[in-house]
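Asker: If you want the building blocks of each chain, they are given just below.
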Amino acid sequence: MDKVKVYYNKFGLPRIIIISFLLFLLIAAVMLEIPISALISDALVRTGMNGILVLSMVPGILAGIGLNFGIPIGIVCGLLGGLMAIQLNLYGFTAILVAVLISLPLSLVAGYLYGLLLNRVKGSEMTIATYIGFSIVSLMSIGWLVLPFTSEEMRWPIGTGLRTTITLQGRFERILNQWGAFKIGDVVFPTGLILFMLFFCLLVWLFLRSRLGTSMIAAGDNPKFATASGINVNKMRIIGTMLSTVLSAVGIIVYSQSFGFIQLYQAPMFMSFAAVAAILIGGATIKKATISNVIIGAFLFQSVLVVSLPVANKILADVSSLAEIARIVISNGIILYALTQIGGGE
Amino acid sequence: MKTEHNNEHYVLDMRNIGKEYYGTRVLKDINIQLKPGEIHAILGENGAGKSTLMNVLFGMSVIHSTGGFEGEVFIDGEKVNINSPVEAMEKGIGMVHQEFMLIPGYSITENIKLNRETTNPGLLSRVAGKKLEILDMKSMNMDARKSLDKVGVGIEEWVKVAGLPVSFMQFVEIARELDKENLKVLVFDEPTAVLTESDADRLLETMRKIASEGIAILFITHRLDEVQRVADRITVLRDGQHVITKDTKDSNVNEMANLMVGREIKMTGESRDNEGSKNVKMRIRDFYVDMPGETVKGINLDIYEGEILGIGGLAGQGKIGLANGIMGLYKSEGNVELDGKKISLNNPEKSLKQGLAFVSEDRRGVGLLLDSSIELNTVITSMQIQGTFLKRYGVFTQRDNKKIREHALKMIKDLDIRCTGPSQITRRLSGGNQQKVCIARALTLNPKVLFVSEPTRGIDVGAKKLVLDTLVQLNKEYGMTIIMTSSELAELRMISNRIAIINEGKLEGILPPDASDVDFGLMMAGEYHKQKGEGVRADG
Ligand SMILES: Nc1ncnc2c1ncn2[C@@H]1O[C@H](COP(=O)(O)OP(=O)(O)OP(=O)(O)O)[C@@H](O)[C@H]1O
Ligand SMILES: [Mg+2]
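Sequence lines, in order, name chains A and B. First residue of the first sequence: 1, per our numbering; consecutive thereafter. First residue of the second sequence: 1, per our numbering; consecutive thereafter.
No wet-lab data here; the hints were simulated from the structure. Just so it is clear, CB atoms sit at the ideal spot from N, CA and C, and this is done for glycine as well. Check the hints yourself; a few may be wrong.
[What the hints assert, rightly or not] In silico contact screen, one side only, chain A against chain B (beta carbon under 10 Å); selected entries:
id : residue
1  : 120
2  : 218
3  : 232
[Unchecked claim] If you only want the chain B side, here are some residues facing chain A, beta carbon under 7 Å, derived:
id : residue
4  : 345
5  : 348
6  : 352
7  : 365
8  : 366
9  : 380
10 : 384
11 : 390
12 : 397
[What the hints assert, rightly or not] Here are the simulated DSS-like cross-link-like pairs (lysine-lysine), alpha carbons at most 25 Å apart as the crow flies:
id : chain 1 : residue 1 : chain 2 : residue 2
13 : A       : 235       : B       : 331
14 : B       : 184       : A       : 122
15 : B       : 350       : A       : 235
16 : B       : 184       : B       : 146
17 : B       : 146       : B       : 91
18 : A       : 224       : B       : 350
19 : B       : 391       : A       : 235
20 : A       : 224       : B       : 278
21 : A       : 224       : B       : 448
22 : A       : 235       : B       : 353
23 : B       : 448       : B       : 278
24 : A       : 122       : B       : 331
25 : A       : 224       : B       : 297
26 : A       : 224       : B       : 353
27 : B       : 246       : B       : 35
28 : A       : 224       : B       : 146
29 : B       : 341       : B       : 331
Required output: the full structure, derived from the provided sequences and hints.
Answerer: In structure tokens:
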């Protein structure tokens, strides 16, 4: 019995609940005769398209700024990159590459400034980050109206400003998903998308094992220790913030290509919450996160969402917003749970 | 269920206690009985399981979150299940921890009264219950004052705990326990480790007073002379097993040491044949450090190449501040030269790069990454400062895990770090073994000058000898200049070439290790020059 308790502690209550819930949903799906292969294909796609956004949590957590609720900053930079690619009338992989290349300097600069700010509010980073995230989304809502993009595809036919959703059809919609995709039975495996995500995971993994990455982790873990080891803690926190911002910029580009649309205005508002919830489900805490937390978390969280939608629709045909409600309940519940665990553990 | 043994009454009776951590057995069949008013010492090497046994008694969450324990605990003959520190407190058990458990941002009174606040019913509480009653600060302050007086601390009860020198924190912890009514058993886990000898004396005195009021005391310490002085009985643990329980009067310090380690140990003074040269290695002039509770107010001192310089003095006088200042951890001012080259102050990276290394007195706060492995802790500073233990690919680097592992294994062997392996996280090491990891990290830097603060704090006799021997060996074989700050005069005298005494933030004077106790006493009290009428010179 005690052994069970130890394992239970190791595995964590949230993960046990989520996995049980997922199993329950899967059984329900089988009983309701919902095609499982479609669900699995969907779960894979959603894991891949959200993966890098979830990954963007890792440098923030390890550098000691906590859960980076401020990723809308990076998301906005990524969106700008995507818009520029359309403006420049690019297609296919070139478009994605250029989008990433353009968002890179933007997100580096934005991340740097944001890092400077976070260094001035040590101890309440997460509150400030959430606030900043919301502010930037609101600010950019004006930005989307006034930025001088001229491409017909992006502007409202009448009136001023950019559309709320801009289709990527024919430009770079789903090109990562389709690259090298193959079928196992009825399940479609989005090879390019998954490889792209894993590639970025690998980059971060390598970074964390480098000298700089090691210093960053030390600075986040115990600032006093880091200082005594000659590590500039503020600098490391800025580096972590910049990385997180860059990753979220890349993340939204991948997300958009898979989704098929670039969504502007209010859309990025709550994206940080989904990423935060996913990494926490994956087993990360406010102080520790690993690449496996990212992959497991993104997969579990997205799977629950993918499966709950059709199940809910079948059971309660008219309450189609149920899946959305489930998403909000799960993500906010997980975040709340994690916040109550601060300073807990051993 | 009532139990009586030999018609004797025990306040505390722990039977067949066992504990496993993650499959490693750390306690097996431990039996301890305590009579009212008895002072019972628990002895054992680092990692023998002393703190773990106390954690069991105190219902700490580390125990319960790792699968609980085996055996039974009786209090006043009544079988009890203690599942949390709060329950332990209600059952009359108090504990002064090895690592402080105070809340820095709170005042002393608030810390003493935490969770046991005295309240007056206010308007809200009549409606909403006891939780919202108004704190009766006045009576709380008075209670706090009373307990503080009992331990003999003259500090104001409203002062915030943050920034207090460690010795004060220790007394505040004790005062907190004393403030609890119905206290039956009080546990001291290495209470004197952080205290200077005179403070420790006062503490032992306090312990006797507490015991004479009928409270039983469990006393964990590595200072065997203290055991000899205050304990009625001793229990020795070795590798988690019960070795013996006997009356203190039937034992002596040497026997205790041998029982603990299970082999012969001789604590004799090291030969100090290595006199050190007279070349000045480090020159310190007009040195000021703004370290709360340990301010340095203008020190002039020359450190010779290849010597072991001891730094002593009472707590709060600034001896701790010196090394912290030179290493750039607290704001400092003045002039420090190494080999004739100026050291950039207030910059830890430069201090380290210039060949200095430091083992901090604050092991858990500054010395360790508690959630990282022993091996990473050992190499990380060297990796940052000297770029060692890395594989290079152009501008990119990767940790060289093979080299790190090899080095860590060597350190574990050399310093006899008791652990399950180099990848064990340091939080799970016993206090003394954590200290050894800190030393391993400093040694990995191969420093020209090594500062060590309180290197043997909380370390058992065997390990202490090992640490001191290591310092002497580094000094002899590699000519490393070592500055050792310590509250234990005995160990300073054992290995230092010269001993500098700091008083009121200034250098009071420098004595040879064989100077008389009286001279050391006078100097620490700042009375030496008044009595002898001599001036102070930087080079002693
Ligand atoms: N939280 C933990 N998880 C796993 N192992 C632990 C934990 N705490 C202690 N241990 C192990 O239990 C053993 C006993 O440790 P304990 O802290 O009781 O030693 P100790 O006798 O108090 O030593 P010291 O004199 O150094 O304080 C050690 O081997 C230690 O590594
Ligand atoms: Mg201990």
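Asker: Hint by hint, note whether the structure agrees.
Answerer: Outcome of the hint check:
Hint status for residue 120/A relative to chain B: violated, with the closest Cβ pair at about 20 Å, above 10 Å. Taken as an interface hint, residue 218/A checks out: its beta carbon lies about 6 Å from the nearest beta carbon of chain B, inside 10 Å. Using the Cβ-Cβ criterion of 10 Å, the hint placing residue 232/A at the interface with chain B is satisfied: the shortest such distance is roughly 7 Å. Interface hint at residue 345/B: violated, since its Cβ lies 14 Å from the closest Cβ of chain A, which is beyond the 7 Å cut-off.
Using the Cβ-Cβ criterion of 7 Å, the hint placing residue 348/B at the interface with chain A is satisfied: the shortest such distance is roughly 5 Å. With its C-beta approaching chain A no nearer than about 5 Å, residue 352/B sits inside the 7 Å limit, and its interface hint holds. Because the smallest distance between the Cβ of residue 365/B and any Cβ of chain A comes to about 6 Å, under 7 Å, the interface hint for this residue holds. With 7 Å as the threshold, the beta carbon of residue 366/B comes within range of chain A, its nearest partner Cβ sitting at about 5 Å, so the hint holds.
About 6 Å separates the beta-carbon of residue 380/B from the nearest beta-carbon of chain A, less than 7 Å, and the hint is met. Nearest Cβ of chain A to the Cβ of residue 384/B: about 5 Å, under the 7 Å cut. The hint holds. Taking 7 Å as the C-beta cut-off, the interface hint given for residue 390/B holds, the closest approach to chain A being about 6 Å. A hinted interface residue such as residue 397/B counts as satisfied when its beta carbon comes closer than 7 Å to some beta carbon of chain A; here the least separation is about 5 Å, so the hint holds.
Under the criterion of a C-alpha separation no larger than 25 Å, the hint pairing residue 235/A with residue 331/B is consistent with the structure, at around 19 Å. For a cut-off of 25 Å, the pair hint linking residue 184/B to residue 122/A is broken: about 43 Å separates their Cα positions. Between residue 350/B and residue 235/A the CA atoms are separated by roughly 16 Å; this keeps the pair inside 25 Å, and the hint holds. This hinted pair checks out: residue 184/B and residue 146/B have alpha carbons roughly 19 Å apart, not beyond 25 Å.
Pair hint residue 146/B plus residue 91/B holds up; C-alpha atoms about 22 Å apart against a cutoff of 25 Å. At roughly 16 Å between alpha-carbon atoms, residue 224/A and residue 350/B fall within 25 Å of each other, so this suggested pair holds. Annotation: proposed proximity of residue 391/B to residue 235/A holds, straight-line Cα distance about 23 Å (limit 25 Å). A threshold of 25 Å between alpha carbons decides the hint, and for residue 224/A with residue 278/B the separation of about 36 Å lies outside it, so the pair is violated.
Straight-line distance between C-alpha atoms of residue 224/A and residue 448/B comes to about 23 Å, which keeps the hinted pair within the 25 Å bound. At roughly 19 Å between alpha-carbon atoms, residue 235/A and residue 353/B fall within 25 Å of each other, so this suggested pair holds. Using a Cα cut-off of 25 Å, the hinted pair residue 448/B and residue 278/B holds, with the two alpha carbons roughly 16 Å apart. Between residue 122/A and residue 331/B the CA atoms are separated by roughly 20 Å; this keeps the pair inside 25 Å, and the hint holds.
Simply put, residue 224/A and residue 297/B have alpha-carbon atoms about 24 Å apart, close enough for the 25 Å limit, and the pair holds. Between residue 224/A and residue 353/B, the direct Cα distance comes to roughly 18 Å. Compliance with the 25 Å bound is thereby established for this hinted pair. Distance restraint check for residue 246/B and residue 35/B: the Cα-Cα separation of roughly 14 Å lies within the 25 Å cut-off, and the hinted pair is therefore satisfied. The straight-line distance between the Cα atoms of residue 224/A and residue 146/B is roughly 35 Å, outside the 25 Å bound, and the hint therefore fails.
Restraint check for residue 341/B and residue 331/B: the C-alpha separation of about 20 Å stays at or below 25 Å, so the hint holds.
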